[in-house]
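Peer 1: Letter by letter, the chains look like this.
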Amino acid sequence: MKTRQTGAPALRLVVAGFAFFALFLPAPVPAQQATGVGSDPEHTLPLTWDRWLDHAEIGQRMQLMERTWPEFLSLQSLGDSYGGREMWLMTINNPETGPELSKAGMFIEANVHGNEIQGAEVSLYTIWYLMENYGRIDEITRLVDERVFYVLPSVNPDGRDYFLHGAGSGARTGHIPVDSDGDGLMDEDGPDDLNGNGVIEQIRKHVPGQGNLRISQEDPRVLEPVGIGETGDWIILGSEGVDNDGDGRVNEDPIGGYDPNRNYASDWQPNYIQGGSMDYPFQLPEARAINDFLMTRPNIAGFQSFHNSGGMILRGPGMAWYGDYPAQDVGVYDELGETGERMLPYYNYLVIWRGLYTVHGGSIDWTNDGLGIVSFSNELWNGGQYFGSPLLQEQQTNAEGPISGRQGTLFFDDFLEFGDEYVEWAPFDHPDFGPVEMGGYKKLQGRVNPRFMSMELFHRNMAFTLYHADEMPKPRIGETSVEAVGGGVYRVRVDFVNDKVIPTITVKGQQNHVVRPDLITVQGAEVIAAGWVPNKHRPGPTDMIDQEQLGRIMVRSGLAGHETRTLEYLIRGSGSVTVRYDAVKGGVAETTIQLR
Amino acid sequence: MSLTRWKQRRSLALWVSAILLAVSAPDVLGQTNAYLDFDGLTAELRAVTSASNSASLSSIGTTLGGRDIWLVEIANPSGGPTSERPALLVVGNLEGDHLVGSSHALEIVRHLLSGSADARSVLDDQVVYVLPRLNPDAAEVMFSAVRSGQAGNSRPFDDDNDGRVDEDGPEDLNGDGAITVMRVPDSRGAYMIDPDETRLMKQADAKKGETGAFTLYWEGVDSDDDGFIAEDWPGGVDINRNFQHDYPYYGHLAGPHMTSEAESRALMDFMISHRNIGAILAFGQSDNLVTPPNSSGALADESVLDLGQFASASNGDLFDVGVFSRSGGGGFGFGGFGGGGGLRGAQPGRDNDPNSGRRPATSVDKADLEYFTAVSDAYKEITGIERVGVNRKAEGAFFQYGYFQFGVPSFSTQGWALPEPDSTDASSGDESTDARVLKGLEGAGIDAFAPWTSFSHPDLGDVEIGGFLPYVTENPPASDLSDLGRRHGEFVVRLAGMLPRVRFVETEVTAHGGGVFTVEAEIENAGYFPTSLEHGVVSRAVQPTTVQIQVDPADVISGGTKTMQIRQLAGSGTRERFTWVIRGRSGATVEIRARAQKGGTDSVTITLR
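Protein chains in written order, with our numbering: chain A, 175 to 770; chain B, 4 to 612.
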């Protein structure tokens with residue numbers, strides 16, 4: 175068609191019209207060049223990203239993506255959650271560039287706390303974005319070709335559905351019944367939606383002159399604490415609910431009652447030290463299914479666990495007692511984390527115990543210590559993003575102004591969400607408390623970002639995990655040289671290079687002996703001696719390698735980030751030899767050298 | 004000697020072993036006079052439990068080797084549900100080479116079912132759970148042609164992390180059916196012959212003018228040509244190193260992580276579904292019964308045999324091979340990155356205090372010490388065991404979990420005494436564990452030590468092979484089993500009798516007119532142990548004792564709430580009184596229930612008048 179456009183102007187118009195129609199004919203236009211009526215390419219799989227998906231919808235969306243891109247995607251369930259929901263995991267691998275285990279793997283999980291939902295959508299968005307842009311954006315194409323991605327959008331599908339389908343209260347936990355009040359019964363007295371409006375509200379009671387709260391002058395919806403020595407007219411009686419088990423107490427044993435992210439096997443501590451850890455590591459079917467999978471994928475070198483909220487890029491350790499990671503590992507985390515801070519406005523790169531709180535038995539402590547995987551946990555969404563400009567943030571510091579403190583949250587709800595996240599206080603006759611009022615925020619307010627701000631949150635966090643994935647180790651062969659020293663003996667030098675930030679074996683992984691050592695093998699000739707060359711540009715001795723099998727050198731310390739190492743062999747042989755660097759995390763690099 | 008020759012010898016020995024087993028078929032009615040392999044133990048358990056209506060046999064799990072982990076539940080079936088009765092748990096053979104534990108467990112079952120009056124009284128009110136052999140795969144090695152003393156289960160594990168699994172185990176080079184150690188003359192060696200007992204070795208002390216002349220190895224060859232001998236044995240994980248208290252992370256035989264094994268998970272799942280367990284007796288190689296925790300709540304120091312430690316030390320630098328310093332150019336060397344030296348991942352001024360946060364208890368609570376002492380006294384009195392041979396450090400041991408995390412009185416014993424040496428043989432105060440153990444065993448006529456014999460080793464040249472025989476320092480002679488087992492049965496009866504037992508002893512109703520009544524009820528703990536140890540309270544592992552009046556909460560008009568809880572009630576007849584003021588109809592009956600997680604349940608019905 176292009177050749178015909180060289181005709182007269184009048185003809186060109188006609189042709190343009192024809193070309194417009196031709197776009198709707200599938201055959202002549204290669205898919206990746208397809209353009210819509212505007213300038214942007216159409217999506218292969220048009221999906222919307224402005225609503226929260228329940229477990230069934232997540233499964234449907236993953237199945238749809240697998241059907242759309244079957245050459246790259248394979249969907250599996252790691253097993254059932256306690257409540258019988260699939261633990262969907264998508265593997266993204268281009269088989270044309272090698273099997274899964276030959277490439278470093280990036281594991282992305284989310285939603286281990288049932289109420290921390292948006293990480294699942296970030297995960298789904300990541301799969302979708304990689305597939306939509308494979309073949310279109312060179313860097314994405316390269317990433318998909320060089321790496322493997324394992325994406326588990328919801329670690330706690332029971333909690334997710336409980337949060338999304340129900341009133342939303344107490345959804346952090348998993349759903350194994352736990353006797354939270356020590357009466358021998360389990361989960362027998364949780365909150366109740368007494369007025370049937372789908373929200374677990376707060377209960378407040380009017381007690382003139384006997385309370386500790388008063389109604390704010392600025393906004394009657396706000397209850398504020400009274401000053402010291404003063405009395406207020408209101409008290410809060412807790413969350414909406416009744417005494418279900420007739421023991422005289424309200425809401426004292428809700429569903430579950432543990433923390434699914436304290437059940438991992440590094441620094442696991444019993445309940446009285448770490449609340450909600452359960453009785454032993456990997457007791458929870460969900461944590462166990464994930465670990466069983468991780469154990470079969472030693473190629474995994476990067477791990478991200480999405481949580482909410484606060485705007486953090488967290489790394490371990492979760493607690494201070496045993497000291498920080500080895501200095502070289504800290505250097506790796508610092509470079510990744512500080513780059514992340516520049517990619518994610520309002521997010522801080524923090525050590526868990528230092529910047530958040532102490533966590534014993536969390537997932538990323540285990541993946542770092544027990545599996546040698548460089549691991550982050552992003553706390554999605556920072557409240558600073560409600561009023562995301564220096565000018566507005568200055569205004570927020572004015573306590574009298576309309577957007578400071580609690581009023582600011584209500585302002586945002588009034589003006590940006592049209593009151594969608596708030597329930598007005600209304601009278602209610604409570605069976606245990608008598609006349610009270612119930613009201614307050616709905617479940618999505620606070621920790622979950624407003625829907626209209628999702629795209630940016632999804633994309634920036636995905637971009638950070640893709641950067642993390644790209645910096646996983648990838649050994650390659652650099653310069654090589656051969657020099658005959660006589661008697662059929664050759665001095666062969668090979669550079670092994672890791673251009674990435676992350677080493678093939680972290681120091682922690684080496685110390686705990688949890689990553690198989692890298693292996694450097696020689697085939698085709700006899701190795702007489704081998705040694706590291708401290709600086710190949712300066713003549714001098716080599717550091718001899720004292721191992722029994724120089725044709726299979728074991729490198730427990732791996733190849734560091736941004737490192738080039740030169741190995742010198744004395745080899746007896748003829749023809750060619752093949753030297754191979756084999757890292758469990760990062761794959762194999764190989765070269766064949768002619769002995770001459 | 005070549006490997007092929009060794010294999011021939013092993014197959015010959017297998018025949019001998021099979022013949023021996025056939026001869027010593029299980030004696031169903033009699034008592035144990037031999038160590039039993041899995042099939043033998045299974046047959047005994049089946050026979051004993053099927054002959055009684057107070058015992059049942061089931062499996063709580065299966066090992067990688069396909070063997071059942073047997074559970075015997077013993078209780079008088081006529082009575083309350085066993086799940087609500089105070090329970091004693093007995094566990095044996097967590098360590099693969101500690102078979103005396105399973106033998107004692109079997110004898111305990113026999114004793115409890117013997118029909119004696121004291122045993123019957125236990126079974127009426129209580130329940131005893133017996134898990135005789137937690138590590139059956141490893142235990143089976145004792146009956147194989149080559150007895151190696153393997154402690155770990157059958158999980159394939161790359162002990163030396165070289166990418167090859169279980170590739171360099173020990174070999175019985177001299178064909179005596181036992182894995183012992185090799186001593187090799189070596190001018191750079193660290194060890195010398197002990198002048199006081201020339202069969203034993205000691206570390207040479209240069210400060211005393213001593214020169215090392217030997218290196219020691221486990222018996223075997225370098226099967227994978229990596230320069231190390233017997234550094235990656237078959238298996239596995241020692242189940243008594245796989246639990247959550249003081250877990251030896253990434254340590255030898257500890258597994259990839261806590262509770263990683265089918266055996267340990269089966270036991271944990273059993274624990275959490277049997278929270279009525281109020282005391283634990285575990286047979287193992289760590290002791291807190293002969294020597295109870297000291298006044299600081301600490302266990303006795305470990306005492307292990309040097310000879311094995313010296314042999315293991317030959318592989319001490321295993322993980323150093325292949326660790327190279329970073330290259331000079333680039334990389335994350337010191338100062339190689341960023342270089343600012345400032346603390347990243349922090350919020351200056353807002354960081355949390357690194358010393359904040361509670362730490363887990365590591366010693367027995369002072370308030371609980373006397374219970375341990377009292378039980379220790381009873382143990383020594385009943386069993387006569389006062390002297391311990393080897394005593395392993397209790398890292399990751401199950402009985403430690405039992406106290407520190409499950410929150411109940413929890414005990415461990417080797418189950419036998421190291422024989423006293425001849426009293427005329429004055430021993431010096433500073434003799435080594437090796438000398439003490441050897442003297443004790445040989446003094447009692449036990450063949451404990453394979454004499455050093457010359458051997459021409461393919462890698463090392465002329466060596467001598469000898470040392471402590473496997474199993475002998477961990478297990479008593481089979482002839483002692485029946486007597487020792489019976490005495491442990493008696494001890495178990497005593498221990499079960501100490502479990503807390505909560506019951507109502509008194510009630511009182513006062514009518515105030517107008518349908519208002521004061522109701523009082525008093526409970527008593529008739530056992531010896533409190534309803535919860537102090538650490539059970541501290542660790543929140545033991546639920547409070549609950550007393551509940553069965554009326555509508557709205558009818559409780561003053562005094563206590565409908566449900567009242569106390570954190571613990573001491574034993575030996577200690578009482579506690581509960582008072583409610585309720586509204587009710589005169590002449591109506593009201594039930595009051597008591598429930599102690601470790602002390603049973605009771606209920607009483609009063610009439611309002």
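A portion of the hints provided could be inaccurate.
Claimed, not checked - Residues of chain A clear of chain B, computed beta-carbon distances all greater than 12 Å:
#: 1; residue: Ser248
#: 2; residue: Asp361
#: 3; residue: Leu368
#: 4; residue: Gln391
#: 5; residue: Asn425
#: 6; residue: Asn465
#: 7; residue: Phe467
#: 8; residue: Ile487
#: 9; residue: Tyr523
#: 10; residue: Gly579
#: 11; residue: Arg580
#: 12; residue: Asn686
#: 13; residue: Met728
Unchecked claim - Covered, in the sense of this in silico footprint (three residues per stretch, anywhere, with C-beta under 8 Å from a C-beta of chain A), are these stretches of chain B:
#: 14; segment: 177-186
#: 15; segment: 195-203
#: 16; segment: 227-241
#: 17; segment: 255-265
#: 18; segment: 307-315
#: 19; segment: 495-505
#: 20; segment: 557-567
As the list claims (entries may be wrong) - Sample of chain B residues facing chain A (criterion: CB under 8 Å; computed from the structure):
#: 21; residue: Thr65
#: 22; residue: Gly69
#: 23; residue: Val324
#: 24; residue: Arg586
#: 25; residue: Arg588
#: 26; residue: Thr592
#: 27; residue: Arg596
Because the hints were derived from the structure by calculation, they are not lab data.
By construction, the Cβ of each residue, glycine as well, lies at the ideal position given by its N, Cα and C atoms.
Peer 1: In terms of Cβ atoms, is chain B entirely out of 12 Å range of Phe467/A?
Peer 2: 14 Å, holds
Peer 1: Test the statement that Asn465/A is away from the interface with chain B: the closest C-beta pair must be farther apart than 12 Å.
Peer 2: 8 Å, violated
Peer 1: Would the hint on Gly69/B be counted as holding, given a Cβ-Cβ threshold of 8 Å to chain A?
Peer 2: Interface hint status for Gly69/B: violated (20 Å vs cutoff 8 Å).
Peer 1: Tell me whether the statement that chain A covers the segment 195-203 of chain B is true, taking a Cβ distance below 8 Å and needing three residues at minimum.
Peer 2: Result for this restraint: violated, n = 0.
Peer 1: Verify the interface restraint on Val324/B: the C-beta must sit less than 8 Å from at least one C-beta of chain A.
Peer 2: Holds, about 6 Å.
Peer 1: Take a quick look at Ile487/A and tell me if its Cβ sits farther than 12 Å from every Cβ on chain B, holds or violated.
Peer 2: 9 Å, violated
Peer 1: Would Met728/A pass as off the interface with chain B, using Cβ distances and a cut of 12 Å?
Peer 2: 4 Å, violated
Peer 1: Would the least Cβ to Cβ distance between Leu368/A and chain B come out above 12 Å?
Peer 2: Its Cβ never comes within 12 Å of chain B, the nearest being 17 Å, so this holds.
Peer 1: Taking the closest pair, is the beta carbon of Asn425/A still more than 12 Å from chain B?
Peer 2: Holds, since 14 Å exceeds 12 Å.
Peer 1: Test coverage of the segment 495-505 of chain B by chain A using CB-CB distances below 8 Å; three residues minimum.
Peer 2: violated (count 0)
Peer 1: Per the stated criterion, does the least C-beta distance between Asp361/A and chain B lie above 12 Å, as a non-interface residue requires?
Peer 2: 16 Å, holds
Peer 1: Hey, is Asn686/A genuinely clear of chain B, shortest beta carbon separation above 12 Å?
Peer 2: Since the minimum Cβ distance to chain B is about 4 Å, Asn686/A lies within 12 Å and the statement is violated.
Hint check: violations occur at hints 6, 8, 9, 12, 13, 14, 15, 18, 19, 21, 22, 24, 25, 26, 27; the rest are consistent with the structure.
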